[in-house]
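Our numbering runs 145 ahead of the 1-based position in the sequence shown.
Bear in mind the hints are in silico, worked out from the structure with no lab data behind them.
There could be a bad hint or two in this list.
As the list claims (entries may be wrong) - Simulated pairs of lysine-lysine, DSS-like, Cα-Cα distance not exceeding 30 Å:
no., residue 1, residue 2
1, Lys-337, Lys-270
2, Lys-293, Lys-322
3, Lys-293, Lys-241
4, Lys-204, Lys-264
5, Lys-204, Lys-182
6, Lys-177, Lys-265
7, Lys-264, Lys-246
8, Lys-322, Lys-204
9, Lys-222, Lys-265
10, Lys-177, Lys-264
11, Lys-322, Lys-338
12, Lys-182, Lys-246
13, Lys-265, Lys-204
14, Lys-322, Lys-177
15, Lys-246, Lys-204
16, Lys-177, Lys-204
17, Lys-322, Lys-265
18, Lys-338, Lys-270
19, Lys-246, Lys-196
20, Lys-241, Lys-182
21, Lys-241, Lys-322
22, Lys-196, Lys-241
23, Lys-241, Lys-177
24, Lys-241, Lys-204
25, Lys-337, Lys-265
26, Lys-322, Lys-337
27, Lys-246, Lys-177
Claimed, not checked - Across the chosen pairs, the derived CB separations fall in these ranges:
no., residue 1, residue 2, range
28, Glu-331, Arg-205, 34 to 40 Å
29, Asp-284, Ser-252, 27 to 33 Å
30, Leu-324, Gly-206, 45 to 51 Å
31, Lys-177, Leu-324, 20 to 26 Å
32, Thr-185, Met-239, 16 to 22 Å
33, Asp-308, Gln-170, 17 to 23 Å
34, Glu-325, Gly-283, 23 to 29 Å
35, Val-168, Lys-246, 43 to 49 Å
36, Ala-195, Phe-257, 47 to 53 Å
37, Ser-178, Pro-323, 20 to 26 Å
38, Lys-177, Lys-246, 39 to 45 Å
Every residue, glycine too, gets a C-beta built ideally from N, C-alpha and C.
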Amino acid sequence: MAKNGRRVRIFSALEVANICGVVNQTAINWIKSGHLKAFTTPGGQYRIYAKDFAAFLDKRGMGASGEVLQTIMENVKVNWDTFLIAADPLINDMAKAGIEKIFPEYSVIQAFDWFETGKKISEEKPGFVLLDAELPGGDISRFVSTIKDDIKLGKPYVLLLTDGSSDNVAVDAVLTKPLELSELEEVIKSLKKPLDSTATA
């Protein structure tokens, strides 16, 4: 993956709605009717490439919004080759070793509580975040919603590690405990595919 953080910008339907000043369902309707080109994540969430969003805005004469979108795209530097793990020490160390073995080009950073996780996401802008659903002391659904909806955080892919009790959290992929490195590898590769195809297009 590129090291410059400018590989590709991807937006959620909610982000599109917020930028355009409409409700989330309106953005989803644009996607379903074919007016706004999008793809779906393994978790079933809509994602829109920046170039497709910009084309949509231009086609509708929303020039001011297009300028805002361009400014956001130019100023947010996402580190798509950085992976943040937020979990207890045992899971954290195992996942870190596994990711470093499977994807040696990745920089892996660790966090062990919600405050540290939020701080590192804000500072490092990792492209991928693995969250343990049982990390104590926080509302995981609210936390995920915050980092997925804030364009300034770079829109990382969020993977949730769970025993099955937190499936209602809107993430890009759900992994079950105990963490299987082969499953993690498959998920990461599927999420990387749109990024890699955009880079070579």
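When the structure is checked against the list of hints, which entries are broken? Sort them ascending. 4, 6, 8, 10, 12, 13, 14, 15, 19, 20, 22, 23, 24, 27, 31, 32, 33, 36, 37
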